[in-house]
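**Student:** So the sequences go chain by chain: G and V.
Residues in the first sequence are numbered from 63 upward in steps of one, following the numbering used here.
Residues in the second sequence are numbered from 185 upward in steps of one, following the numbering used here.
Hints listed in this document are in silico derivations from the structure and should not be mistaken for laboratory results.
Please note that the accuracy of each hint is not assured.
Claimed, not checked - Computed beta-carbon distance windows for the label pairs:
#, chain 1, residue 1, chain 2, residue 2, range
1, V, N449, G, Q190, 13 to 23 angstroms
2, V, L602, G, P168, 42 to 52 angstroms
3, V, E228, G, V216, 39 to 49 angstroms
4, G, E187, V, Y460, 33 to 43 angstroms
5, G, L101, V, Y460, 49 to 59 angstroms
To be verified - Output of the computed footprint for chain V on chain G, the stretches with three or more beta carbons under 8 angstroms from beta carbons of chain V:
#, segment
6, 99-111
7, 183-196
It should be emphasised that the depicted structure is a prediction, and the values quoted were computed from it without experimental measurement.
For each residue, glycine too, the CB sits at the ideal point set by N, CA and C.
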Amino acid sequence: MLYHRYKNLWFAICLRYNHNQFDAEDCLQNALVKIFSKLGQFDSRKGRFKDWANRIVVNENLLFLRQRTKDRKMTEGITPETVSQPESSENTLSPERMTRLIQKLPEGYRNVFNLYVMEGYNHKEIGQILDISVGTSKSQLHKARKMLQQELEVLL
Amino acid sequence: MEENKYNDLDKLFRSRLKEDGIHPEEWNTPSDDVFHNALSIIDERRRKFPFLWILLALLILILGGVITWQYVTLSTLKTEIANLEKTQDQILETQKERTEQPTLGNNNSTPKRAGVDNIEVQGSDPETSVDNSTALTPNAQAVSSEEEEAPTDDPDNVRMVPFKQLDKAEVEQTALYRSGTPVSSLPTSQINEFLLSTNVAIDPPLIITETILEDQHFWSPYMLWSSELSTFTMSNLPDAGFSLTDYDKYYRGMALGAGVKQQINSLWSIDYALTYHKQYNQSHYKDRMPYDKQKEEKLPGGSRSYSTDISIVSPTGQLRENVEMTFQNKDIPDQAEIKNHTIIDQDLSTIGLSIVPRYHLVRALKFDASIGLGLKAHYILNFDEKMAMALYHEGEPIKSETFRQESPPMLNEFFGGLYGNVDVRYNISDHFSLGLQTGYYRSLTSLKAYKSEDKARTYMHTLNLNFWVAYRM
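Chain G on its own, in the form it takes in the complex (with noise of 0.2 angstroms):
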């Protein structure tokens, strides 16, 4: 089944984009909803089905963000919530441990990093799709590899 397929590399990439796990969860949900109503828009011919649907997962999270951010701005003065993960003991660079390093991010370095490494955007193109300026962009995404880098430092 589709679903039982995918879900682990779906809810990981919802899990890199938030900072706990029920808002990866909330946006794995809108992800889902979009992926089973749009599948008769899925054209084999123009790509593999698992590009196609990581790409609205990637879309459903931005989307969740800039939601986000509009409530957090209209409740100006409250701290967003942070759940802090229990850190694994086990491998140190598992993918758990190097998600839950990109959680720590802020959010902006996050998507900023998450858009340009993981996904493979340009600066031009994270402008247009978080609205920021491309001189914005390259400096997130500087302070971030700077930040991560700490961290991979520390662990190792």
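Go by the hints and put chain V onto chain G.
**Tutor:** Using the frame of chain G, we list chain V on its own:
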């Protein structure tokens, strides 16, 4: 520089977090609720649809009934039209003979215009006065010879003068006003024409579509060969009466269209389209209206003149033709009717723009159903219309003259309005689709008239049903 510096870092994250690095583990396994919640949301959306499906089914059923009814009545109409055309030829021949023999002309000979108009003054029983055009053929020549022999003061003879000749200023006014009459003289400033029409169109496999992101761009040159017929029209024009039949004999031409379907989200999209249409059409109208004694004028010698406006529906609005008839000692019953059979040849070319937001009820691999409501506007590049009428009395031609009049040249202008439809398409294969579309078009026939308070506004309400076949590259 920085790219190189962090290349290893990027690679590390990619390798660990891309598909190959992701294996089912507790940390990346969502709870089962996620899947079930998503399914329930989708189910909830689907549950909204049955009502709309029932509505669509009813609509198709009604329109299917109308089509059947139209085709049943069509055969009779076709016979009438065939006879009328034969009569037209015979009358034209008689006219030619008479022109060649000027001594046999009568006092009412006037500049001749080709055409066939069928105006009939009938007795009080409307049922017996409905279908008389079938009787025209055998009588046409008989009446013309009778006319040649009959004295002009024959009490049973009814004579007609040609249609009122409009000068240039009047022509422009007619075109602008669309009804030929300033609205101040009408009891209503808004004219509504109700048409029921059906179209069957086959699009050859020339539609090209391209999907960029989620938006679909399409370019669709296609030839139109459709049959449109309407058996019912109704208008609130004061003396237009109502049409018994309105039959478009053929409806052919070509159209070029290009547009984009913009995907807003999974439920909404917007269709933008630019089209060029060129079409030829021949319409047949049969109207009837009461004979109004107040419009009679007594003339010296006991004869009377009767003048009335005949309302003609055209793609660009309502035209009115003034018709005058002279009766010599003819006793017209109180409840007489005038019947009119008109043939109109039209040549219309337009460019059009439509913007139709669309709500998708179902969107699946094989099947798509949507409701659209938007605006359409057409700019008339060229319009030419030729009308043909004839006059009959008690089922017989009363004048062996025929008329043909070119319609007033239309002023270039816009027409358009609100357009809504229900569109269902089924992809029978990767390349072929079948479609069914029921639509309603409420169009204002002249935007100039809409802006001006002293001009009649004519709205046309059209219901249609289209079937189509399309090919996707």
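**Student:** Go through the numbered hints given earlier and state which of them the structure violates, listing their numbers in rising order.
**Tutor:** 5, 7
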